[in-house]
Amino acid sequence: MRVTRFLPDGKQLVDTITPLAEALDKRRPALARVPIAALLELFDDFSRRLLQHPDTRTLDGVAFLSNWLRKSNLEGMLRLNLRGSKEFLDGFLPLGSLKLAAKPRGLVSMWMAGNVPTLPLFSMVSALLAKNVCIVKLALENDEGMISLLTVLSQSEAAELKGSELLQFVTVVWYDYQHQDLNEEMSWAADTKIMWGGAAALRAISALPRKEHCTEIAFGPKYSIGLLDRKRLERSGGLDAVIAAFVRDIAAFDQRACSAPQTIFIEKNSRLSLRQVAELFAQHFRRLPPKPSLDFYTTVRILNVRAEWALDDQRDVIASGPEANWTICMDSAVSMKEAVQSRTVFLSEIDSWERILPLITPKIQTVGMVFGDATDAEAFANQVTQRGVARCVPPGLMNGFESPWDGKLLISELVRWVSLKG
Amino acid sequence: MVEQQVEELLKGRQYDMPQRDKEQLLISLLRALCRSMADNCAPYGRFLERLGAPVEMWRRLADIPPLPVTMFKHFELCAVPPSQVVRVLLSSSTTGSSPSRIFVDKTTAFRQGRALAALLKEDIGGSRRPYLVLDSPDSVKAGDQLSARGAAIRGIGNFASSIDYAFRALPGGELSPDFAVIESFFANHGSRQPLLFGFTFIVWTRFVLEMEERGLTFGASGATVLHSGGWKKLAAQAVSKAEFNSRTAAMVGCSPETILDFYGMVEQVGTVFVDCPAGNKHAPAFADVVVRAPYTLEPVGTGEEGVIEVLSVLPTSYPGHAVITEDLATLIGCDDCPCGRKGSYFRFTKRVERAELRGCGDTFAKSRERL
Chain A
4 MRVTRFLPDG
14 KQLVDTITPL
24 AEALDKRRPA
34 LARVPIAALL
44 ELFDDFSRRL
54 LQHPDTRTLD
64 GVAFLSNWLR
74 KSNLEGMLRL
84 NLRGSKEFLD
94 GFLPLGSLKL
104 AAKPRGLVSM
114 WMAGNVPTLP
124 LFSMVSALLA
134 KNVCIVKLAL
144 ENDEGMISLL
154 TVLSQSEAAE
164 LKGSELLQFV
174 TVVWYDYQHQ
184 DLNEEMSWAA
194 DTKIMWGGAA
204 ALRAISALPR
214 KEHCTEIAFG
224 PKYSIGLLDR
234 KRLERSGGLD
244 AVIAAFVRDI
254 AAFDQRACSA
264 PQTIFIEKNS
274 RLSLRQVAEL
284 FAQHFRRLPP
294 KPSLDFYTTV
304 RILNVRAEWA
314 LDDQRDVIAS
324 GPEANWTICM
334 DSAVSMKEAV
344 QSRTVFLSEI
354 DSWERILPLI
364 TPKIQTVGMV
374 FGDATDAEAF
384 ANQVTQRGVA
394 RCVPPGLMNG
404 FESPWDGKLL
414 ISELVRWVSL
424 KG
Chain B
2 MVEQQVEELL
12 KGRQYDMPQR
22 DKEQLLISLL
32 RALCRSMADN
42 CAPYGRFLER
52 LGAPVEMWRR
62 LADIPPLPVT
72 MFKHFELCAV
82 PPSQVVRVLL
92 SSSTTGSSPS
102 RIFVDKTTAF
112 RQGRALAALL
122 KEDIGGSRRP
132 YLVLDSPDSV
142 KAGDQLSARG
152 AAIRGIGNFA
162 SSIDYAFRAL
172 PGGELSPDFA
182 VIESFFANHG
192 SRQPLLFGFT
202 FIVWTRFVLE
212 MEERGLTFGA
222 SGATVLHSGG
232 WKKLAAQAVS
242 KAEFNSRTAA
252 MVGCSPETIL
262 DFYGMVEQVG
272 TVFVDCPAGN
282 KHAPAFADVV
292 VRAPYTLEPV
302 GTGEEGVIEV
312 LSVLPTSYPG
322 HAVITEDLAT
332 LIGCDDCPCG
342 RKGSYFRFTK
352 RVERAELRGC
362 GDTFAKSRER
372 L
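Protein sequences appear in the order of chains A and B. Read left to right, the first sequence gives residues 4 to 425 (my numbering). Read left to right, the second sequence gives residues 2 to 372 (my numbering).
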């Protein structure tokens, strides 16, 4: 038995994907009949329960997930994605001379990355809101957090829909990624493929055979940065909160999310040296709890980067202590540093934000930006988004999954717009 | 004073000192040596200043900030004027990466030679023996630069009464067995406790498998085979240490107990860790090992796996007193090895996964794979 199926009451072993996909396919009409209002009510209840249940309330990122699942947030997201009205999901609505409806694509196969424990929920809930049945392939075999999340979802309820009923439209599995036949089964079953992961994984999944009409949505490897501008640094009021927010973005998901800042550019100013800014960051890093554990590879990478920065007379470093808890590397090179992750941030001093524009490519996903002047902020955002950046947000919000994400309105890509005339 | 104490350590028995005594002795020596190194090697001075507690606060060997071994690839870490550098040791380097460059002055070179002799004496005895190098003469070409392979071959050469090279280097660096030399060596010296040395992957692929294919065995019952280098490629070929030892021994004609694996690196020439009769590795008197836990970097407990850090009092020309590797070991125990040697003892487990490949054996394997 090569496939582990994740269920609210535990795991089940099965050998292939196709029977699971066929069962889901048969349930598509039932999901299409569920009113969008019922789905929103159910997720709202799920949102509350996540923060109450002892097995989910301590999961990394669950507070954000809970907020994201709130009815008001999801409604706003649907309005943005669906031409102003979620009702398109329930049937035809007039729009100009047409009647339009947003129909599900069908079965969505999704291959998840392992860096953010709650990521499968964002992907899965988006697919369900568009009334697609879905197969979710997890990255990690021992994803016990997922069992807890499914358990709480199964216990959630709304007037017209129970969580246990909704879970009939979802199958969550894990299998070794090297099983090419299973990947092919998942791909053949899909009307839409959602891929989260690194470049190699995306290439491999995209190359799998698929139906002619199958669409693909790829969330590939990205790098995120921060920027603190001169005018904001000249003003001391509130700066501490700004840096605290950056440190929260760095610490979340052990800095493995593509939206986590790796390099933060600091504009030269008359008030604070780079070292002084780094000391402000250090004050907030010192308040973080120890990490629960760390693998050997990341430990060694942290030791290496600390030494590399410490030996160099053009660079500087502040570290938590001998343990690989947090590290602040400083230099004046206008460059994106290779991400080390796990609370390792590179502060680079620059004369002006314009110096970093040549470095901006579509590889950069999110910029956590702090400007003293709103006009400057908009000028900067215009320039970097033109070059490929997907999101410009204040620090503290960098890892908040939202719509659009990576330049995509996900739910709008999970529906087929159909028309009725006459 | 420090020089005299280092000299005493090199002169004495290598594995007799209980761990606590050794730690006390080494920490006091290393405080002085690291302070002096920081004065003479500016990058190392910055490293200690930025990342470590003040030297006078060091109470345990584990308190010394360990310098990652890869730093020798990125920086020229030298504590003496160029005129005093007598040799530059180069690590093997995988494609696309720079080799480590270790600057050795006369004192360091002298100590490294003395150290290797002192510890190998306890493993293979002090008498000179016929030496078959399981490599080509090109590995020890004269010059002011020497590879890790060359340094090890030369170091063991101090125990040789005669030296023969078992392989020829082909264009492109491939090695080809010189069967005439090999057969002649065993015919002439097989009964005279010969000493053989080569890098593990080369020994296996170019010596053991090639001789087996030709059905050659040599009946050299008193032979000792020393080998060093990564197990990674052998593990990938599902060759265990036990199988390596038994098949090598069967072909040479010696006991599997005299097939001795040692752990060492170009950044710590002279400080090698040879398998004891119980299959463990011990640090000699002038060096020690700290096996550090991930994240906390604290020394692990018995039975736990950690990153290997090697400490040594030998270097005077480069900051090699506390070097942390990208290799993992399990700490087996302390002062109570069945072989009778004192100090903490460990077993190498593997390289840190996804880390850059290091070691000559692995480089060789990589080039063969490409072909």
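Since the hints were derived computationally from the structure, they do not count as laboratory data. Quick reminder that beta carbons are idealized off the backbone N, C-alpha and C, glycines included. Hints are not guaranteed to be accurate.
Below are the DSSO-like pairs computed for lysine-lysine, each with C-alpha atoms no more than 30 Å apart in a straight line [as the list claims (entries may be wrong)]:
1) A:K234 x A:K214
2) A:K294 x B:K142
3) A:K340 x B:K142
4) A:K340 x B:K12
5) A:K366 x A:K225
6) B:K74 x A:K225
Covered stretches of chain B, going by a simulated chain A footprint (3 or more residues, C-beta under 8 Å) [as the list claims (entries may be wrong)]:
7) 69 to 77
8) 321 to 335
Between beta-carbon pairs, the in silico distance windows are [stated by the list, open to error]:
9) A:D354 x B:P19: 57 to 67 Å
10) A:D18 x B:V182: 56 to 66 Å
11) B:A251 x A:E341: 46 to 56 Å
12) B:R60 x A:D298: 26 to 36 Å
13) B:T350 x A:R289: 56 to 66 Å
14) B:R61 x A:T19: 55 to 65 Å
15) A:E341 x B:R61: 45 to 55 Å
16) A:D298 x B:A251: 38 to 48 Å
17) B:S192 x A:N145: 41 to 51 Å
18) B:G174 x A:D298: 28 to 38 Å
Status of the hints after comparison with the structure:
1. At roughly 54 Å between alpha-carbon atoms, A:K234 and A:K214 are farther apart than 30 Å, so this suggested pair is violated.
2. Our distance criterion of 30 Å between C-alpha atoms is broken by A:K294 and B:K142, whose separation comes to about 50 Å.
3. With a CA separation close to 40 Å, the supplied pair A:K340 and B:K142 exceeds the 30 Å bound.
4. This hinted pair does not check out: A:K340 and B:K12 have alpha carbons roughly 48 Å apart, beyond 30 Å.
5. Between the alpha carbons of A:K366 and A:K225 the distance comes to roughly 5 Å, so the proposed pair stays at or under 30 Å and holds.
6. About 29 Å separates the Cα atoms of B:K74 and A:K225, which keeps this hinted pair within 30 Å; it holds.
7. Taking a C-beta to C-beta cut-off of 8 Å, the region 69 to 77 of chain B contributes 5 residues in contact with chain A, enough for the three needed, and the coverage statement holds.
8. Given as covered by chain A, the region 321 to 335 of chain B passes the check, having 3 residues with a CB less than 8 Å from a CB of that chain where 3 are the minimum.
9. Checked against the given bound of 57 to 67 Å, the beta carbons of A:D354 and B:P19, roughly 60 Å apart, stay inside it.
10. For A:D18 and B:V182, the hinted distance range of 56 to 66 Å is satisfied, since their beta carbons lie about 57 Å from each other.
11. In this structure the supplied range 46 to 56 Å holds for B:A251 paired with A:E341, their Cβ-Cβ distance being about 48 Å.
12. At roughly 29 Å, the beta carbons of B:R60 and A:D298 sit within the given window of 26 to 36 Å.
13. A beta carbon spacing of about 34 Å between B:T350 and A:R289 contradicts the range 56 to 66 Å that was offered as a hint.
14. A hinted range of 55 to 65 Å for the beta carbons of B:R61 and A:T19 is consistent with their spacing of about 56 Å.
15. Between A:E341 and B:R61 the C-beta distance comes to about 33 Å, which lies outside the given range of 45 to 55 Å.
16. For the pair A:D298 and B:A251, the supplied restraint of 38 to 48 Å holds, since their beta-carbon distance comes to about 39 Å.
17. Take B:S192 and A:N145: their Cβ atoms lie about 58 Å apart, and the range 41 to 51 Å is violated.
18. Range check, B:G174 to A:D298: about 35 Å between beta-carbon atoms, so the 28 to 38 Å window is met.
Figure legend: structure checked against the earlier numbered hints; hints not met, in rising order: 1, 2, 3, 4, 13, 15, 17.
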